[in-house]
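Protein chains in written order, with the working numbering: chain P, 38 to 537; chain H, 211 to 708; chain B, 529 to 1108; chain X, 5 to 109.
It should be emphasised that the hints constitute simulated quantities derived from the structure, not laboratory data. Every residue, glycine too, gets a C-beta built ideally from N, C-alpha and C. Please note: incorrect hints may appear among the correct ones.
In silico negatives: residues of chain H with every beta carbon more than 10 Å from chain B [claimed, not checked]:
1) E238
2) L257
3) Q266
4) D282
5) E316
6) F535
7) I642
8) D658
9) W668
10) I704
No more than 30 Å apart at the CA atoms, straight line, and that leaves these computed lysine-lysine pairs for DSSO-like [as the list claims (entries may be wrong)]:
11) K909(B) - K992(B)
12) K630(B) - K649(H)
13) K909(B) - K989(B)
14) K989(B) - K572(H)
15) K649(H) - K572(H)
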Amino acid sequence: MTLWNTAPWLVWCIVLPLSAGILTFLFRRAAPWIGIASALGSAIAVAGLAAQVMHSGPLRYSVGGWGVPLGIDLRADGLSVLMLVMSAVIAVAVSVYAACYFSDTDAADKHAAQAHQRAYFWPLWMFLLAGLNGLFLAADIFHLYVTLELLGFAAVSLAALAGKRAAVVAAMRYLLVSLSGSLFFLFGVAILYAAYATVDLTALAGKVQPGPLAWSALALMAAGLLIKGAVFPLHFWLPPAHANAPTPVSALLSALVVKASFYILLRLWFELFSAVVTPATATFLGLLGAGAILWGSAQALHQPRLKLLVAYSTVAQLGYLMLVFPLTQNAGSALTAWSACVYFVLAHACAKTAMFLAAGNIAHAAGHDRIADLDGITQALPLSVAAFALAGISLIGLPPSGGFIAKWMLLQAAIGSGEWGWATLILAGSLLAVAYVLRVLWHAFTQVEVARPLHRVPRTMEWSALALSLLAVLLGLMAARPVELLRTGAPASIHAPGQT
Amino acid sequence: MNLDHWLLVFILLSSFVTGLIIFFLKEEAHRLRTLLNLFGALLKVILVGVMIAGVQSNHVYESRLELLPGLDLVLRADAMSALFATLSSVLWLVTTLYAVGYLEGEPHRSRFFGFFSICVSATTGVALAGNLITFLIFYELLTLSTYPLVVHRGTEQSLRAGRTYLIYTLSGGALLLLATVWLHTLAGPLEFSLGGALAQVATQHRSELIAIFALLITGLGVKAALFPLHGWLPQAMVAPAPVSALLHAVAVVKAGAFGIVRVVYDLYGVHTAQDLGVLAPLAGVAAFTIIYGSVRALFQDDLKRRLAFSTVSQVSYIALGTALFGYLSTIGGLTHLVHQGIMKITLFFCAGIFAHTLGVHKVSEMTGLGLRMPWSMTAFTIAALGMIGVPPFAGFISKWYIGLGAVSSDSYWAVVVLAASSALNAAYFLPILHAAWFKQRQDPWPADHAHGAGEGHWMLLAPPLATAALVVAVGVLANAPFSPLDWVRYITEIEYGK
Amino acid sequence: MNFPDFNAALLLGAIALPLLLAAGMAQRGWRSCLLRLAPWAALPALLVMFVVPQGAAASFSWLFLGSHLGFDQTGYIYLLFTSTLWLLSGLFAQTYLVDDPKRSRFFAFYLLAMAGNFGLILAQDLVTFYVFFSLMSFSSYVLVIHNGENESLRAGRIYLCLVVLGELMLFAAMVTMATNANSILLRDAIAEPMSDVTLALLLLGFGIKAGALPLHVWLPLAHPAAPVPASAVLSGAMIKAGLLGWIRFLPLGLEAFPQWGALVMGAGLAAAFFGALVGVTQTNPKTVLAYSSISQMGLITIAVGVVLMVPSLWPTVLTAILIYALHHALAKGALFLGVGVASHAATRAQRLWLFVGMLVPALALIGAPFTSGAIAKTALKADFTSLPAPWADLLQIALPLAAIGTTLLMARFLWLLWSKPSAQGHSRYGLWIAWALLLVAVALVAWVLPIANFSGHEALKIDKIWAGLWPLALGIMAAWVALERSGRNGGIGYPRIPAGDWLALLAWAAPYATRIGRNLPNDRLIVFWKVTAASSLRALLRLGSALRWSRMEDYLRSWSAAGMALLCITVILYLLASAS
Amino acid sequence: MTLEPYLLYALAGVGLFAIGLYALIARTHLLRKILALNVMGTGVFLFLVAIAYRSEPVADPVPQAMVLTGIVVSVCATGLALALAHRVQTTTGRMVLPENDESGA
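Put together the whole structure using the sequences plus the hints.
Here it is in C-alpha cells:
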C-alpha cells in the first residue's frame, strides 16, 4: 500500500498518455489497444492521485527535483483532481467508442478517409490527453501556457481530421483563434512576470495587487481564455469546428477542451487576481454568460442538423460557467457558487460527451443528421436515443442528474445572495434547453415504418454513450463526495469565514 | 437485520428494476413481460403492506443519502406517505393488469411498460419523499417518465399533447425548484414533519414565506391542474386509456395534489399557513377550479375529455379540503385523494374498454352501451355516481367531510361550491348513464371488435370491476378500521396535534 | 343468540335482504327464481314490526360513518304501511309485468328503492338517512322511465333534476347540522339551535320528495309515467319519505318558528287547493291521482306548519300526521293499483266490481264517515283548533273546502276510469288478489292501530260524521253538475292545464335558454388564452426569423466582428478592473 | 522619469503585438494571418527579453527560458497553420477563410 500512497501519480497522469501518443504513432495497428490501455492507465493514476489528495491534502511535485524557478512543478488539489477524474472517465469512454468508431468498416462513404483518420486519431488524442492532464496539474502560469498550446494543437488537428472542406475551414479558424488566444495569455504571463518576477501560481497568489500592470494582465489573459473557451460573443468558431469533426472528436472538444480554458480562468480569477477583480468585472463576465445561454439556446433551436444543435448547446451551457464570477461576489454563497460551477463542468462533460456520441450514432445509422428526417429513429437505435434523452435531462438540469445538483447550487447561491436576475436566467436557460432537447426527442416517438436502409451501429458505441449518460444522471446522487473534495485546497478567496 | 433502512428503497426498486428489465425485453416476450409486470406490482403491494404494518406500530422507516452537505435525499414512511403509497401501489397493480389487456398486440410494449413501471416508482418516491428536495426530485422524474407514455401512440396529436404536457409541467417544475431553493436558503433542510417545520422561520421571513408559498403552489398546481394551469390535462387524454387512468388517478395529478397537501401540512404546518393568510387564496382558486372544470366538462362530447375536465374539477376538492382551515375539511381533502383516485381510475378504465372494444369515443355514441356491456357500464355507473357524490359511494364520504369542514370554518360559500359542483357533476354524468342504460340504440357501433356480443377481454374487465367494488366498499365501510377514512383520521389527528 | 343482537340483525336484515336480492339479479341464471321472491323481500320489515320492541336501537360502527338504526313509533307506523304497500305492489307487479321483457330490471330497482325506503325509516343518523334516501330516489328513477317512451323519459329527466337539487340542499343542511352538533346522530343534530338557512334547505329538500309547492312538478309527470305498481309505491310509500324527513330533521316540538310555520301552512294550504284545482283538469286518471297526492300532502304539510308555529302541539300532531300518512298511503296505493286492474278488466261484471272496490279508497281519501280518512281528518282537525287567531278559523273553513275538492278529484278520477274503453284479453287474477288485499287494509288498518292515547272511535261521534258527510255531499253535487254540463257541451268546460303545470312555461322558454347555452361553451377565456399564447409564440418565432439567427451568427463569425469583440472585451475588462 | 532602455524594448514589443493583432483581424489572406500571429508572438518575446534585461548585472534566465520555449511552440504553430492553410487551399481553392456557409456539412 505504500506504493499506492507514495507513487508520483501526478507524473504518471502525464507520462502515460504522452508515451502512448508516441507508441500509437509507431504501432498503428495496435493503436486502439494502446490508446485504451493508456486511458485506463491514466485513469488508475488519477484514482491514485485522488486517493492521495483526499488523504493528505494538496500535493506538489517537482519534476526532476529542479524546483522553482527554473524547474517544472506539478501540483494537485481538489479542483485539479476533479478535472482529472473527469478527463479520465471521458477518456476511457471515448477511447472505447473510438476504437469501435474508427474500425467500423460498415460506413461505406468513409472508406477513403477511414485509414487516414484512424492513423492520426490515436496519437493526436493521446497528446491531447497528455496536454489536458498536464494543464490540470500545472503549478505555474507559463506551464499553463505551454500545455494550453499543446492542447490547442492536438485539438485543431483532431478537428481537421475529417478532411472535408467544412472541417478544414473550421479547423483553420479554430487554430487562428486558438493561437491568438494563447498569445494574449502569454502576453499576460509576461506582464505578470514583469511585475512580480515569478510565474508560480502559489507565489503569485499573495503578491498581485491592483495596478495598471495587473489590470492589463487580467484583461489580456481573461480575453484570451474567453476566446479559447468560446464564450459568447467569441464562440463563433466552436459550432463548425465541433460539428464537423468525427464523432469522438466532437465529444472530446466539447466536453474537455473548452473546459481547460475555463479551468485556467478559474485558477487565475480566484487565486491570482482575487485582489484585482472587481464586482463590475465579475458582473460583466456574468453578462457574457447570460448572452451565451440565451444566444446559444436560440441558435440551437434553429439548427437544422443534430450535431450543430449539440454544439450550440455547448455554447449555451458554457454560459452557465460564467455565472460563477458574479455569484461568488457575495461571501456567504461563494463556496456554493464555486462548487456549483465545478460540478457543472463535470456534469456537462459527461452529458455532452454522451450526447455527441449518441448524436454520432444516430447520424451514423441514418446516414445524415438532419433533425427533420429523424422519424422512427428510436426503433433503430433505442439505446442511443435513450442516451440522448438522459444526457438531455442532465443538460436541462432535471433531477436527479448532475446538472440538477449543479443548477441547484447555482440557484442556491443566486437566491442566497439575493441575485434574482441570475436565478431567473438559470431557470429560463433550463426551459430553453427543454425546448431544444425536445426538438430531437419529438422524433423519437413518431411511429414510422423504417423503410430507409440504416447502417448498423455496433453495440459498443451505443453502450458507451449510454453509460456516460447514465453517469451524468447518476452524478446527482453522488455529489457529496466531489463537493467535499473540492474544498481541499480551494482558494482562500471563496472560503468565507463561518461558511460551511 | 437492518430492514428498516432498506425497506423503502426496496419499495422504490420493486418497480424501478422491473421497468429497467422490461426495457430490454424483446417485443415478442409477452408472457415474460406480463409476468414481470405483475410480479413487480405484487411485490410492491406486499412491501407497502409491510410498511403500513410497521408504521401502524410506530416503526420509523427512513433511508437517507447525502446529496450535498446539508442536502439529503430522504425517504421516510409516515402515515401520510403510507396513504399515498398504498393508493399508488394498489392501483398500479390493477392498472398493470388492465394495460396488459389493453395493449395486447400493439407495438412498443416493452417501452411502454418500462416507462409505466418507472412512472410508478416515481410516484412512490413522491409518496415516500421525506423532504421537499426529495419530493422535487421524484416529482420531476415523474414528469419525465410519463412523457413517453403520453406520446406513446406517436401520432401528431399525441406528440403535440406531449409537448404541451412537458411545457406545462417543466415550467411548473422550474418554479418549484426556484421556490425550493429559496426556502432552502431560508430554512435549511426542509424535512417534512407532521405539523410543519416552518413556524420558527415564519416569524422572521413572513413575506418571503408567502411568496414562496405562491411559487410552490403554482409549481404544484400545474400537475394538480389548478386553474389556469390545467391546460395540459384535457390534451393529455390522447394517451392510451391505462395512461390516462394512471395520470388522472394515481400519478401525475395526484402527485400535484399530494404535494399541496405536503406543503400545507408537513412543510409549512397548517397553523403557520393559516397564520400567513395563504390558505384563503388557495381555497379561492380551488373553488373556482372546481366550478370551472365542471362547467367545461359539461360541454365536452369526447368522453375522455369530459372525464379530464372532471378531473380538473375533482382534484381541486383535495386542494379545497386542504385549504379550508379545519380538522374536518382536512379529513375530507385527504380522503378525496384516495377516493377520487379509485373513482377516476374506474371511469378511465371503462372509457378505455368502450373505445377498445366498440370504438366508442364520444358521449353521443354511448347510447345503449349498458345493454351491450352491462358489467363495464355498471362499473362506470358506480364510479360516476360516486363522482357526483351520491351516497354511499366513495365520493360522498369525502364531500361530506369537506362540507363539514367548510361549515365548521364558517366558509358556507364552500358548501355552495360543493353543491354547485355536484349539480354540474350530475349534469354531465347522469345523461351518459341515462343514454347508456335506457335508450335504445339504432346505429351500429363505430368499430365492434368483439363482433356483436359480449364484454371486453377479462383483463380489461376485471380491473374496473375491482375498483368499482372498492368505490362501493370505501363508501359503505367508511368507518371500518383500515379504511381510507380511518387512516386519514389518524393522520389528521397527528397533523392537528390532537 | 341474545335479543339485542337479534334485533340488530333483523333491523339490518330488513334493509339488506332487498339489497341482496337486487344484487342477485345481476346473475342471469338466478333471475327467474329471484323474480318470484322479490315481493317477499318486504317480509323482514313486516317482521320487524311484530318482533322488535319499540325503542330498540342498533349501531354498526363499520357501516358508513358509523350507522345507527332504530325502531320507534314513527318507524312502526311507517314500516306498517310501507312494507304492506311494497309487498302488495310487488305481488301485483309480478302479474302485471308478467310478459314485460324488462321486468328483471324493474324488480332490481324496485328492490333497491324498497331497501332505501326501509333504510331511511330505520335510520337514526344523518348519513344513514341520507344514504338510503338517495338510494330510494335514484333507484325510483329507473321505475319512472320503465316503459322507455318519450313521455316517461321526459318525466324521468325532470324527476332526476329535482332529485339532484334536493340531494344537494339536503347535503348542505346535513353538513351544517352535523358540524354544529358535532355528531351525526339525529337526536343530537336536532337538539342544536337551527339557522333559518338550514331550515329552509330542509323544508325545500324534503319538500321536493313530498311534492310540496312549488317543487311538486315532477310528481304529476313521474307518477303516471311509471308502471302502475311503481306509481303505487311512489305515491303511497316514497312520497312519505319526504314527510319523514321533516319529522326527523326539523326541530319540531323543540323550537318555535312562527314565520316559517305560517309560510309552511300557507304552502300546504295552497297545495291542497292547487292540487285539486289542477287535478280536475287532467285527462289521465293517474295524473289525477298524482295531483290528489299533492293536495293530500298539502294537508299534512299544514300540520307540519302548525307544529313549527306551536311546538307544544307536537305529540298529538305527530300522531295525526302518522295516521294521515298511513291512511293516505294505503288509499292512494289502492287507487293506483285499481288503475292497473282496470286495464285488465274485460267484462262488465269485473268493471262493476272494480268500481265498487274503488269507492273504498276514494271515500277514504275524501274523509267520508267510517273510513280511515275520517279518523285521520278528525285527528288532524283536533289539533288545529288550538292555533292562534286567524289560522284556527281559516283552517276550519279550508279543510271542508279541501274535502270538497278531493271529492271532485275522486269523481273526476272515477269518471275517467269508467269512461275508458274496456280492456281486451283475459283477466289476471293475481292483480285482483293483491288489490283486494290492499282494499282490506285500507278499510281496516286504521281502526286497529296500536297507538297510545289515540283511538279511532273519536271519529264515530255524530258531529264528526256530519263534518265528514256534508263536504262529500256537496262535492258529489258539484261533480254531478260538472258532469251534466260537460255532457251537454260535449267536453270539459274549463281550460286544460298540462301535467306538471308551471313546467310548461319552462318548456316554452327552454329553446331560448339552450340557444344562449349553446353559445357559452366556446369558452371565451380559453379561446383568449390560446389565441394569446399562440400568437405571442408566433410573434416570437417571426421575430426570430426577422433577426435571421443564422445571418447574425455569420456576422459574429466575421473576423472584423470577432476581432472587435475580442478587443472590446479586453478593454472593457481592463476598464472595469481599474474602475474600482 | 527616464526612459530606461529595457522599457523601450518592452514598449516595442507591445507595439509589435498590436501591429500583429491588427493584421490578424484586418488581413484576409491566410498567409498574412499566420505571419501576423508570428509578429504578435515576436512582440511578446521581445517584451520578455526586455524584462530579462532589467536585472543587473546578469540577465534573468527565466524569461529567456520562456522565450526559448515560446519560439519552439511558435514554430510548431506556424508549421501546423501552414499545413492547414495548404489544406484549405486544396479543398476550397482559395487561401481565404470563407465568411459564411460553414455550418453546412
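Hints, verified against the model:
The Cβ of E238(H) lies farther than 10 Å from every Cβ of chain B, with a closest approach of about 39 Å, so its non-interface assignment holds. At roughly 27 Å, the least C-beta separation between L257(H) and chain B is larger than 10 Å, which holds for a residue marked as non-interface. Annotated as non-interface, Q266(H) keeps its C-beta farther than 10 Å from every C-beta of chain B; the closest such distance is 18 Å. Under the 10 Å C-beta cut-off, the non-interface status given to D282(H) relative to chain B holds; the minimum distance is some 39 Å.
Consistency note on E316(H): stated as away from chain B, and its beta-carbon is indeed over 10 Å from all of that chain's, at 32 Å minimum. F535(H), annotated as away from the interface, keeps every beta carbon of chain B farther than 10 Å; the closest lies near 14 Å. Its beta-carbon lying about 13 Å from the closest one in chain B, I642(H) satisfies the requirement of being farther than 10 Å from that chain. Residue placement check: D658(H) keeps its beta carbon more than 10 Å from all beta carbons of chain B (closest about 22 Å).
Remark: the non-interface label on W668(H) is consistent with the geometry, its nearest Cβ contact in chain B lying 17 Å away (cut-off 10 Å). Look at I704(H): its CB is around 20 Å from the nearest CB on chain B, clear of 10 Å, so calling it non-interface holds up. In summary, the hint linking K909(B) to K992(B) is supported, as the alpha carbons are separated by about 10 Å, within the 30 Å threshold. A hinted pair counts as satisfied when its Cα atoms are at most 30 Å apart, and K630(B) with K649(H) qualifies at roughly 13 Å.
About 14 Å separates the Cα atoms of K909(B) and K989(B), which keeps this hinted pair within 30 Å; it holds. Annotation: proposed proximity of K989(B) to K572(H) is violated, straight-line Cα distance about 68 Å (limit 30 Å). With a C-alpha separation of about 16 Å, the suggested pairing of K649(H) with K572(H) holds against the 30 Å cut-off.
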